[in-house]
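Residue numbers (the working numbering), protein chains in the order written: chain W, 18 to 769; chain V, 100 to 414.
Since the hints were derived computationally from the structure, they do not count as laboratory data.
Some hints could be false.
[To be verified] Derived pair list, reagent style DSS-like, types lysine-lysine, alpha-carbon separation capped at 30 angstroms:
hint : chain 1 : residue 1 : chain 2 : residue 2
1    : W       : Lys491    : W       : Lys479
2    : W       : Lys584    : V       : Lys210
3    : V       : Lys203    : W       : Lys584
4    : V       : Lys376    : V       : Lys345
Here is how the chains run, residue by residue.
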Amino acid sequence: MASDEDSDEDFVTYGTPLEPLEEDEPVRKPVPVHEQTVKDEKGRYKRFHGAFTGGFSAGYFNTVGSQEGWTPSTFVSSRQQKAEKPNVRPEDFMDEEDFSEHGIAPREIVTTDDFASGKKDQLKDKAKAVSSLAALIPGDTGLLEELIAPARSSIGVELLRKMGWKDGQGVGPRLKRKQRKQNDDAVKVYGCAFPPNGSEESEDDDEFAPENVSFAPKDVVPVDFTPKVDSHGLGYRGLNPLQALGGGSETGHINLFTLQSDRTTSLFGDRNSGQQRRGGIGGQAFGVGAMEEEDTDIYHKDSMSNYDNVLGGEEPGDGLYGWTAPQQYTRKKNARFPHSVYPPPDLPRDYRPVHYFRPVVDSSTVSPIVAQALQASRGHLSQDAPQQGRHSLDSSQRCDMLGETPLQAVDRAAVVASAKASQTSPTKSQASSETQMALKAWSGPTADASKTFKPFAENPQKQARYDLYINKLKQGNKDALESSLDSSMTEWERGRERDEFVRAALLYKPSNSSLSSRFTRSKHEDDTDSVEVTRDQENDVDDKQAAVKMKMFGKLTRETFEWHPDKLLCKRFNVPDPYPGSSTVGMPKVKRDKYSVFNFLTITDSSQVSRVAPSAPKPPSSSSTLPHLTPEVSNKKSRWDIPGQEPKDPLSAFLSETRSEVLAAKNQTDSPHAIATPEVPKQKKKDKEKHKAKKHKKEKKKKKNKKHKHKGKQKKRVEESNSSSDDTDSNSEDENRVVSTSELLQRSELIF
Amino acid sequence: MAFPQPRPQAPQLPQHLLRTIECQQGAVRAVRFNADGNYVLTCGSDKSLKLWSASRGTLLKTYTGHGYEVLDVDSSYDNSQLCTCSSDKTVILWDVASGQVTRKLRGHAGKVNCVQFNEEATVMLSGSIDGTVRCWDTRSRRYEPIQILDEAQDGISSLKVSEHELLIGSVDGRVRRYDLRMGQLHVDFIGSPITCVCFSRDSQCTLSSSLDSTVRLLDKSSGEMLGEYSGHVNKGYKLDCCLSDKDTHVLSCSEDGHVYFWDLVEGSLTLKLPVGKAVVQSLSFHPTEPRLLTAMEGHVQVWGAEPEDAAVEDS
Numbered sequence: 018m019a020s021d022e023d024s025d026e027d028f029v030t031y032g033t034p035l036e037p038l039e040e041d042e043p044v045r046k047p048v049p050v051h052e053q054t055v056k057d058e059k060g061r062y063k064r065f066h067g068a069f070t071g072g073f074s075a076g077y078f079n080t081v082g083s084q085e086g087w088t089p090s091t092f093v094s095s096r097q098q099k100a101e102k103p104n105v106r107p108e109d110f111m112d113e114e115d116f117s118e119h120g121i122a123p124r125e126i127v128t129t130d131d132f133a134s135g136k137k138d139q140l141k142d143k144a145k146a147v148s149s150l151a152a153l154i155p156g157d158t159g160l161l162e163e164l165i166a167p168a169r170s171s172i173g174v175e176l177l178r179k180m181g182w183k184d185g186q187g188v189g190p191r192l193k194r195k196q197r198k199q200n201d202d203a204v205k206v207y208g209c210a211f212p213p214n215g216s217e218e219s220e221d222d223d224e225f226a227p228e229n230v231s232f233a234p235k236d237v238v239p240v241d242f243t244p245k246v247d248s249h250g251l252g253y254r255g256l257n258p259l260q261a262l263g264g265g266s267e268t269g270h271i272n273l274f275t276l277q278s279d280r281t282t283s284l285f286g287d288r289n290s291g292q293q294r295r296g297g298i299g300g301q302a303f304g305v306g307a308m309e310e311e312d313t314d315i316y317h318k319d320s321m322s323n324y325d326n327v328l329g330g331e332e333p334g335d336g337l338y339g340w341t342a343p344q345q346y347t348r349k350k351n352a353r354f355p356h357s358v359y360p361p362p363d364l365p366r367d368y369r370p371v372h373y374f375r376p377v378v379d380s381s382t383v384s385p386i387v388a389q390a391l392q393a394s395r396g397h398l399s400q401d402a403p404q405q406g407r408h409s410l411d412s413s414q415r416c417d418m419l420g421e422t423p424l425q426a427v428d429r430a431a432v433v434a435s436a437k438a439s440q441t442s443p444t445k446s447q448a449s450s451e452t453q454m455a456l457k458a459w460s461g462p463t464a465d466a467s468k469t470f471k472p473f474a475e476n477p478q479k480q481a482r483y484d485l486y487i488n489k490l491k492q493g494n495k496d497a498l499e500s501s502l503d504s505s506m507t508e509w510e511r512g513r514e515r516d517e518f519v520r521a522a523l524l525y526k527p528s529n530s531s532l533s534s535r536f537t538r539s540k541h542e543d544d545t546d547s548v549e550v551t552r553d554q555e556n557d558v559d560d561k562q563a564a565v566k567m568k569m570f571g572k573l574t575r576e577t578f579e580w581h582p583d584k585l586l587c588k589r590f591n592v593p594d595p596y597p598g599s600s601t602v603g604m605p606k607v608k609r610d611k612y613s614v615f616n617f618l619t620i621t622d623s624s625q626v627s628r629v630a631p632s633a634p635k636p637p638s639s640s641s642t643l644p645h646l647t648p649e650v651s652n653k654k655s656r657w658d659i660p661g662q663e664p665k666d667p668l669s670a671f672l673s674e675t676r677s678e679v680l681a682a683k684n685q686t687d688s689p690h691a692i693a694t695p696e697v698p699k700q701k702k703k704d705k706e707k708h709k710a711k712k713h714k715k716e717k718k719k720k721k722n723k724k725h726k727h728k729g730k731q732k733k734r735v736e737e738s739n740s741s742s743d744d745t746d747s748n749s750e751d752e753n754r755v756v757s758t759s760e761l762l763q764r765s766e767l768i769f
Numbered sequence: 100m101a102f103p104q105p106r107p108q109a110p111q112l113p114q115h116l117l118r119t120i121e122c123q124q125g126a127v128r129a130v131r132f133n134a135d136g137n138y139v140l141t142c143g144s145d146k147s148l149k150l151w152s153a154s155r156g157t158l159l160k161t162y163t164g165h166g167y168e169v170l171d172v173d174s175s176y177d178n179s180q181l182c183t184c185s186s187d188k189t190v191i192l193w194d195v196a197s198g199q200v201t202r203k204l205r206g207h208a209g210k211v212n213c214v215q216f217n218e219e220a221t222v223m224l225s226g227s228i229d230g231t232v233r234c235w236d237t238r239s240r241r242y243e244p245i246q247i248l249d250e251a252q253d254g255i256s257s258l259k260v261s262e263h264e265l266l267i268g269s270v271d272g273r274v275r276r277y278d279l280r281m282g283q284l285h286v287d288f289i290g291s292p293i294t295c296v297c298f299s300r301d302s303q304c305t306l307s308s309s310l311d312s313t314v315r316l317l318d319k320s321s322g323e324m325l326g327e328y329s330g331h332v333n334k335g336y337k338l339d340c341c342l343s344d345k346d347t348h349v350l351s352c353s354e355d356g357h358v359y360f361w362d363l364v365e366g367s368l369t370l371k372l373p374v375g376k377a378v379v380q381s382l383s384f385h386p387t388e389p390r391l392l393t394a395m396e397g398h399v400q401v402w403g404a405e406p407e408d409a410a411v412e413d414s
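Can you make the complete structure from the sequences, with help from the hints?
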């Protein structure tokens, strides 16, 4: 246990030490669960039967009985040799596994009688007495249990006895003090009881107590942990029939409120006292028996004066109610704590104590007045409008948020007037034509606005304006657009919105009601209002087509974007990460509004410009589906072009010029495709072409010079290639051109 | 002691047929030299890949494992691994010696047109008809690509990898060059669907052939056109083009059964090599010597500069 030689190391070692590991011994891995096998005592593989270990495994490898199997016992009985009546027990049919811990008849280690307690001890009795108070039969001190309990003491008690313990003593080291009086005598207990095992100060000092004698400690009464199972009040117990009937002389009245421990001790006292109580039923009510000494007061009548009329006893006259505390403090009758009053919070003036649900009425179905009212109310409620992106707010919303004062109406009107005055007539006329078209499309009786697509659903105010506009269109109002726009917005915003509304009205014009009824609007379509698109969009393809046609590769056909390779890819290529800090991979993406009409408008613009710029004919097949592609509209340039503005840089000016020429040339070549080709004099055309060729040559020269600065080495090759291929290009390129425009056509049709 | 420099000889063109290999694997979709030019790899339409000796023309090994016709193959720099792509939308990494499939990578949504190792064979790049290029890691056991390049708006027809650049030709008529070192994507607009792209050996120029029957040599850094080569027929098939071993000539397959040789500088047609009657589907130029592989229908032809050498080898 302790180290022999080293006194410093007084470690305590438990268990058997593990064998020291050999150096070259392979470390044994623990056997995994699926490879572990179960074997019985003889090392055979054990087979499991039933769910766990249940079931009988019979004989060798689940044969029965013996190697031969179960031999049936043949019944033999004669007059001389009677058949033995076999005294069989269930254990005879069991295997040894069944007697094990988990078997069906486990054999536990049980205390045999030899080790059981020989005598009943007082301690146990006391505990029983305590528990008996809560027993069903009050006063039953476990008589029944005593009858059943084994007469022997347990091994623990026997061991204690062997160690010198005696019944009635406490357990523990002997004490060097006076032997207390074992409370054989009844301890008088009054109303307020001491704790039962507490200090026994009430011992007499007069007893003889020699110095060199030690005493055993006092026995303790185990604390009663009887759980409270009834629904009475704490400490309540019913009338004790023993006292109610028997001990009438001792107690004036039954004290209901004494503690239980108090009762216990008094009970013990009763019991241990020499005064023997009569058992059985006794009392005056049953008359005087032969053994009774008293025969007086036979007809005693229990009067009601024995009982309390008042709960809690009579009031003592001093008004102290048993208090012994010093009496300086007198309680004031009418002293009241100053209540601090917390007033309810001040409500804002326009507070309504009802939650206001935003009406889900489709504002296009109700009259415009209602819609306006609705819009106004929404304006009030703009605080609880869903949080929108910074860019999706309009100026009035931003103005509200920032707390600025809105622009004065007079100024705005002036601005509007001046802007209108400055507007040039072609734009106006073309816009008005679109407006008229929208009016025509919507004023039909079949138009069912409630089922139409809501292009501005993300911006409720804008949608409301749009609905208003649509409503006015349906009513055939001529100036529907102007009147439905918000007059508090800037002219630029209004112009933009005007354009958007007209486009949207044309795009989402009411389809046939039978067709539209087949589609239902999805519930969750608005969950994602934006789509991810690459930040850098490719430039106009037509410019490049033109450049390729002129073999002006280089700046015009080359575009460079930011691109983020994956970190791992850089690692594998042995290349430092070009953007060490960034986490994006691929092209940088930005979020765009899904339902923004501008996503479509940019495409239509380009296609329009490319296709319709030289007063091109309208393809008859698409005329029904593309109502706004009328010749008036075709004059339109890009919608962002403001007339009289931006002097184009020479390169792009040149490009657009050449492009229009190319297109003119194309119109000649693909005359079989287009039906209504404009009549162009042939002479003119040829002149143009000549002119074009000259121009090309010039431009090429310039380009070449430029190039040669960079690439002196390849100068010769380029010149050669250019000169050699100049002749062949025009035909193939024209074909190419046709293909791409038809592609564009298809695309634009798809969009609409 | 300094030897005088040998006089620069006129570049020799591989115009003599050395041998014809009957591959017996259906149509040969692609033929490639391995990294050092000693072996030939042919992709067959019968789902098999075959490895041949370039000098003898004997079959060395057949690799089977694809579910549909094999479309392209590339070998690693150390000849220990091969990668192939197929119409069954998979990319397979092979162990050359054992012929076992090391990794089979799924992820493309359509047939995979082209595949290429990077310089150290740590990444495989595959371009598919679904418009994406996927970068597969050969070092890890991940079955997901490292990165997907989905900038192309149409199918990928051809891709090449240099030290730190990916050159990708797409049917949308654009040649995209991803510069990993700079973190930039350069898009060159060609207009017509691209069938094949190549780097020049000095990696200063890019060569791209397109369906308008034109091969264009573009300056890599600026995108300017340095040369334009035409005369051949390429209108419907995905035909290969390449540069000769010393960058002196531009080669292209043609649908009229010839291989066209143009002088790179002058742009003039130097040689029109008659291969057969059908379409020359694929070609591959030896990395160091004037030797050419052409694939037509079910056979591969090996072309060399000197016929007498071939005679010696044959005998």
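Checklist entry - Is the straight-line distance between the alpha-carbon of V/Lys376 and that of V/Lys345 30 angstroms or less? => result Cα-Cα ~29 angstroms, so holds.
Item to check | Pairwise hint evaluation, W/Lys584 against V/Lys203, where the allowed Cα distance is 30 angstroms at most | outcome: 23 angstroms, holds
Item to check | Distance restraint between W/Lys491 and W/Lys479, which requires alpha-carbon spacing of 30 angstroms or less | outcome: The given pair, whose Cα atoms are some 18 angstroms apart, holds under the 30 angstroms limit.
Next on the checklist: For W/Lys584 and V/Lys210, compute the direct alpha-carbon distance and say whether it is at most 30 angstroms.
Outcome noted: Status holds; Cα separation ~27 angstroms.
Consistency note: the structure conflicts with none of the earlier hints.
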